[in-house]
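S.K.: Given next are the chains, with one letter for each unit.
Protein chains: 2
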Amino acid sequence: MTDLPWPVPALPHDLVARKLPYDPATPLLAPYTACAAAFRDGQDSPRAFLERRLETIEQADPAVRAFVLVDANGARKAADASNARWKAGAPIGPVDGMPVAVKDMIETRDLPTQMNSPIYVGWHPNRDAAAVWALRQAGAVILGKTVTTEFAVSNSGPTRNPYDSTRTPGGSSSGSAAAVGAGMASLALGTQTQASTIRPGGYCGAYAMKPSIDALHTGGVTPLALTQDHLGVFGASLEDMWAGARAIARHVGGNPPHLGMAGPDQAPPPARPRALARLDMQGWGETDGISRAAFDAACDRVANAGVAVADRRSHAGIAALETMLADANDYSYDILAWETKWPLSSYRDHGADMVGKRIHELLAHGAKITADTYTAALARRTALRNQVESLAGEFDGFLALCSSGPAIVHHDYTGSRSYALPWTMVAAPAFALPLLAVEELPLGLQLCGFRDRDAEACAVAGWLRDTVLGRVA
Amino acid sequence: MTDLPWPVPALPHDLVARKLPYDPATPLLAPYTACAAAFRDGQDSPRAFLERRLETIEQADPAVRAFVLVDANGARKAADASNARWKAGAPIGPVDGMPVAVKDMIETRDLPTQMNSPIYVGWHPNRDAAAVWALRQAGAVILGKTVTTEFAVSNSGPTRNPYDSTRTPGGSSSGSAAAVGAGMASLALGTQTQASTIRPGGYCGAYAMKPSIDALHTGGVTPLALTQDHLGVFGASLEDMWAGARAIARHVGGNPPHLGMAGPDQAPPPARPRALARLDMQGWGETDGISRAAFDAACDRVANAGVAVADRRSHAGIAALETMLADANDYSYDILAWETKWPLSSYRDHGADMVGKRIHELLAHGAKITADTYTAALARRTALRNQVESLAGEFDGFLALCSSGPAIVHHDYTGSRSYALPWTMVAAPAFALPLLAVEELPLGLQLCGFRDRDAEACAVAGWLRDTVLGRVA
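Protein chains in written order, with my numbering: chain A, 1 to 473; chain B, 1 to 473.
Chain A on its own, in the form it takes in the complex (with noise of 0.2 Å):
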């Protein structure tokens, strides 16, 4: 095992600096599921695919600072064992092999969680979590953790944007999202509480998934808001992130009693929508004007194919929930502060500067809110909730930003939530597509589904990448 120096030290910023174009139709990691011709004929194997990981990791890390730790070893042994199942002709599934990164805030046997924390420096939970534990079922490869901003709440974090180190990766998955980004690694573990997947997904160029929630168990995840957390996962390509979403509903189902996310062990074949809804969400006003016209550029593209973009001007449902999502932020915040109170009071028990300024933030909120006001901000969820249902029955998905724009010049702020929340409130899937670049830099495309049809969502977000690209007529 290769322990990196953590906590990462605070270096300048971009000591290494690293500036790439990003070119949505040439990522820089070809898609794992793809190899498995190669791995069958032996023309590639799991184990050379890991070693040019560890070379991006070594080359790409010193400025994109993406991993706590990389358990070179462990992962080697882990894919000779791979190696051999597919040589046999035999390998467990798509995702034996495939090299995954987890978030330091995923409880793993055999390296420690941090979760950015001083309190946690060291710390071994001694199991793997659910999902963990799946993907070593499936015969991936677990490569090492990722940077998370303090306990998936503070908005800072050493990983830097692949794209261009001055930028943030996002957060709080900001090394999950970065090392997909990279190239390091095909999967990676996050989760979403707020915007903790969809936002740092769109601004490194990683595909990325937030499924139903409790689709993907999240036992072993350290809870922050119960009724928001979700598993996020994110992928080098919508295949393998699909593969190694559904190896994980697969092995050890979703939380309980939810069966787990259905849906076909391959990616589903991509499927052109009836229609699609447009939302600006309510982070439109913030947009700057070339990401706007490169998200009114996609969905023209949508139209040009033949499929219909309503939005908020041209039907009253849209505008309905427009109105709502744009209502969510608010009372949103309620819910998290009601929810976070344990376990985020019980670090701070530790000391106060023994966490940082958003935690005490939220805990000074949670302090505040009352029964009444939690009650009343589930009930404008719930609402929320049913009217995208009310739309099932005319549109296939729906179709918005990431973010605001590509990553920002920051480094203490992780990037506004107000395109990726919203659809957390929903609880239904989302999917970061980075097919979008505004100067050069990645920007995400967000095709976001009804709740439990995470394998419909995933059909209409591989049309919409064909689409987007321009590979389909």
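Treat the hints as calculated values from the structure; they're not laboratory data. The beta-carbon is built from N, C-alpha and C at its ideal position, and this holds for glycine as well. Be a bit skeptical, because a hint or two may be false.
Covered stretches of chain B, as calculated for chain A (at least 3 residues, CB under 8 Å) [what the hints assert, rightly or not]:
#	region
1	213-223
2	345-352
3	372-382
Take a look, some chain A residues computed to stay more than 12 Å from chain B by CB distance [as the list claims (entries may be wrong)]:
#	residue
4	Arg47
5	Lys77
6	Ile290
7	Asn304
Given chain A, work out where chain B should sit, using these hints.
M.R.: This is chain B only, laid out in the frame that chain A set:
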């Protein structure tokens, strides 16, 4: 901090023998909540109360072995702080200064949490479970950690029944039940996923309750089966227990979105029920004649007090319920095995010899269960719950035993679950009331209530106690 040796060495049974005749009318420990006046006027103090508990521990624990470790220094410091508040006439609430023992499945910030597993020897979770955190907020004194059976699953542990050291204390909350039953603590936290609170409560002569599911926050309690895990509370009296449970609900609530168990902060006054339903449960067939007679006599007392006691013979709805309760044991094991796959499988990954026999059995059963089997079990559970609710118009509670007799002479089996498990499936409150004695051993009467009507059930439990003990005309 006084660390007792752990793991507790495998002592010969009855190295230190103990036998005490049980008298339901004269508990070993006066209720803490009854001392408020003495604390206020200075005749007694939380610190003095604590010192008496530490003496009891010193005298009794070599035979009972309820504690994994006792934190005398930490407890004294907390008790002194409470002393000052009572002296100033400003206690935080009824549990200010109350000595509390915590089952070693429940995380504590300053004490190790070891789960009776070699995997977790010396493990520090670095945070308080929600319930522990809440009790500290309420001024309670954390006395130490109590023995659990391995991961709250296995059937044995070092603890002995406080009334007869040749007998089991029951499990899995063995130490918490025994600590309260022996008068070492006024309050103790446990868990119940099958029978782990009600059974040991009855065996050890402790008041115990399993509140409605989700009504007390289980954050920081090592999970077992997500839809069955309840926090359990033991008390030296009904009043101590209720005050402790409510302090948890008040300071940290339930599992979001549950607001937390409702009701007054001190136990509601005893309330005469309209009518009660007698349940023989699945366990009647295995219940000895003396215990049956004791239960019959208790039911007679209720009837003699003018409250009708209906049963399967007199009421078709109860007959239907009895049938469904009798089935619960069977499908509940499917639910348990499905839901415990994680985390138990991750513990087993440490090595087959690092987990006990019952964990292997559960995992083996879990490997055979299909989603259809699990779904069918959930449907049967829902039907059971609906049948209970259908009786709410006629009855104010259900009367049963806590176990099929007093604690058995065994140290590798914690006793039958057939009285306590069924109401776990119902997810509604259950109270263990140690009101009966059979051959000088405690036998618990169980009072079951309706979901999220815990306070009403507590009021009926109070009336039942007074009636069975002959305290009211």
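S.K.: Confirm or reject each hint.
M.R.: Tested hints:
1. Coverage of the region 213-223 of chain B by chain A holds [criterion: at least 3 residues with CB-CB distance below 8 Å; count 4].
2. Counting residues of the region 345-352 of chain B whose CB lies closer than 8 Å to any CB of chain A gives 5, which reaches the minimum of 3, so the coverage claim holds.
3. Counting residues of the region 372-382 of chain B whose C-beta sits closer than 8 Å to any C-beta of chain A gives 3, which meets the bar of three, so the coverage hint holds.
4. At roughly 22 Å from the closest C-beta of chain B, the C-beta of A/Arg47 stays outside 12 Å, upholding its exclusion from the interface.
5. No beta-carbon of chain B is positioned within 12 Å of the beta-carbon of A/Lys77; the least distance is around 14 Å.
6. At roughly 40 Å, the least C-beta separation between A/Ile290 and chain B is larger than 12 Å, which holds for a residue marked as non-interface.
7. With a least CB separation of 42 Å from chain B, A/Asn304 remains clear of the 12 Å interface cut-off, as annotated.
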